[in-house]
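So the sequences go chain by chain: A and B. For the record, in the first sequence the residue sitting at position 13 is 13 according to this note's numbering, with numbers rising by one throughout. For the record, in the second sequence the residue sitting at position 19 is 19 according to this note's numbering, with numbers rising by one throughout.
Worth double-checking, as some hints may not be accurate.
Identical chains blur together in the list; that is why a pair holds if it fits in one copy or across any two.
What the hints assert, rightly or not - Derived pair list, reagent style DSS-like, types lysine-lysine, alpha-carbon separation capped at 27 Å: (1) 78 x 47; (2) 33 x 78; (3) 33 x 47; (4) 47 x 146; (5) 30 x 146; (6) 30 x 72; (7) 66 x 47.
No lab work stands behind these hints, which were simulated from the structure alone. The structure displayed is predicted, hence computed values, not measured ones.
Protein chains: 2
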Amino acid sequence: MNPINFIPIGIIHTPFLSHEGVPIQGSGGKGIKATIEIYPEFAAGLKDLEGFSHIILLYHMHLVEKYALIVKPFLDDKNRGIFSTRSPVRPNPIGLTTVRLIEIRDNLLIVEDIDMIDQSPLIDIKPCLPMIDNIQELRLGWLTGKVEQFSQKKSDNRFKSYSDSLEE
Amino acid sequence: MNPINFIPIGIIHTPFLSHEGVPIQGSGGKGIKATIEIYPEFAAGLKDLEGFSHIILLYHMHLVEKYALIVKPFLDDKNRGIFSTRSPVRPNPIGLTTVRLIEIRDNLLIVEDIDMIDQSPLIDIKPCLPMIDNIQELRLGWLTGKVEQFSQKKSDNRFKSYSDSLEE
Numbered sequence: 001m002n003p004i005n006f007i008p009i010g011i012i013h014t015p016f017l018s019h020e021g022v023p024i025q026g027s028g029g030k031g032i033k034a035t036i037e038i039y040p041e042f043a044a045g046l047k048d049l050e051g052f053s054h055i056i057l058l059y060h061m062h063l064v065e066k067y068a069l070i071v072k073p074f075l076d077d078k079n080r081g082i083f084s085t086r087s088p089v090r091p092n093p094i095g096l097t098t099v100r101l102i103e104i105r106d107n108l109l110i111v112e113d114i115d116m117i118d119q120s121p122l123i124d125i126k127p128c129l130p131m132i133d134n135i136q137e138l139r140l141g142w143l144t145g146k147v148e149q150f151s152q153k154k155s156d157n158r159f160k161s162y163s164d165s166l167e168e
Numbered sequence: 001m002n003p004i005n006f007i008p009i010g011i012i013h014t015p016f017l018s019h020e021g022v023p024i025q026g027s028g029g030k031g032i033k034a035t036i037e038i039y040p041e042f043a044a045g046l047k048d049l050e051g052f053s054h055i056i057l058l059y060h061m062h063l064v065e066k067y068a069l070i071v072k073p074f075l076d077d078k079n080r081g082i083f084s085t086r087s088p089v090r091p092n093p094i095g096l097t098t099v100r101l102i103e104i105r106d107n108l109l110i111v112e113d114i115d116m117i118d119q120s121p122l123i124d125i126k127p128c129l130p131m132i133d134n135i136q137e138l139r140l141g142w143l144t145g146k147v148e149q150f151s152q153k154k155s156d157n158r159f160k161s162y163s164d165s166l167e168e
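Using the sequences and the accompanying hints, generate a full structural model.
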């Protein structure tokens, strides 16, 4: 199993400085803005992006220190397999958030509806497309009836504690 | 800019052995099945996943050799910024496909509606959630009126050629 190496293409500036009080997913962070600074050597790749209303950000959840395969997610009091959750303490802590694109100024993107922690390294930007990213008739497993709570809940420091408790 | 290191959590087995003739996005690969082998040390994280109808796969597009910031995507004859496309030749070649989850057998996932090349290393699995991944009223920039073609188009080897043409 060879490691896979990626490079930051930019950095995300947000009002959230730690694990606590962060909205849970973009739908929980409605109206909250972030500035994404694309490193100059990648800025040419932003051409034509301004026409899209929503973009998918992939970023490194850089504060995650250890992973867990079983977690107690924010929306439940039961233990769940990590891949059935959007919890950050994944084997590969890649965050995926769909945000509203407000404006592009040179190599800066202003976006809204965010849940990223400040200084998260950006890995990729993809346009959000219907028929590809929007699926009808979703079955939601353990999240059935809970997913509407995303907009009310805020994160606490449980995944920070996770990291601590996993340290030997 | 420190590199970001990830590890494969599994490997994707599909009928597509090269860049040519691959469906474009999962909506183009409707009904085509793949088997995803999760490495045993991560299999415990699959708990509770079986209740979800659709999952998001993040994987390494391992055949991409070089990136380009400006590309001519499959659905257009104009040059577009890479971040306004879903083309594989990205600075960080992470593929994102939402697939239908058919069955889980121990550490094997059977999925449908795929566009991944055989032997792609799997990086993450996330449940696909409404209000998070499904956005209403998308504006689609240069892809307006073109996105329906995903289901008819197949990839050709243009991004293979890209790699070649970028080699000095």
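These are the hints, each one checked on the structure:
Within a single copy, residue 78 and residue 47 get their C-alpha atoms only as close as 45 Å, which misses the 27 Å cut-off; across copies the closest is 12 Å, which meets it. Taking the shortest alpha-carbon separations for residue 33 and residue 78, neither the intra-copy value of 32 Å nor the inter-copy value of 32 Å comes in at or below 27 Å. Only within a single protomer do residue 33 and residue 47 lie at most 27 Å apart by alpha-carbon distance; the minimum there is 22 Å, versus 35 Å between protomers. Taking the closest pair of Cα atoms, residue 47 and residue 146 come within 27 Å of each other only across two copies (18 Å); inside a single copy the shortest separation is 38 Å, beyond that limit.
Taking the shortest alpha-carbon separations for residue 30 and residue 146, only the intra-copy value of 18 Å comes in at or below 27 Å, while the best inter-copy value is 29 Å. Proximity of residue 30 to residue 72 under the C-alpha cut-off of 27 Å is restricted to the intra-copy arrangement: shortest distance 24 Å within a copy versus 34 Å between copies. With identical chains, the CA atoms of residue 66 and residue 47 are at most 27 Å apart between copies only, with a shortest distance of 19 Å across copies and 37 Å within one.
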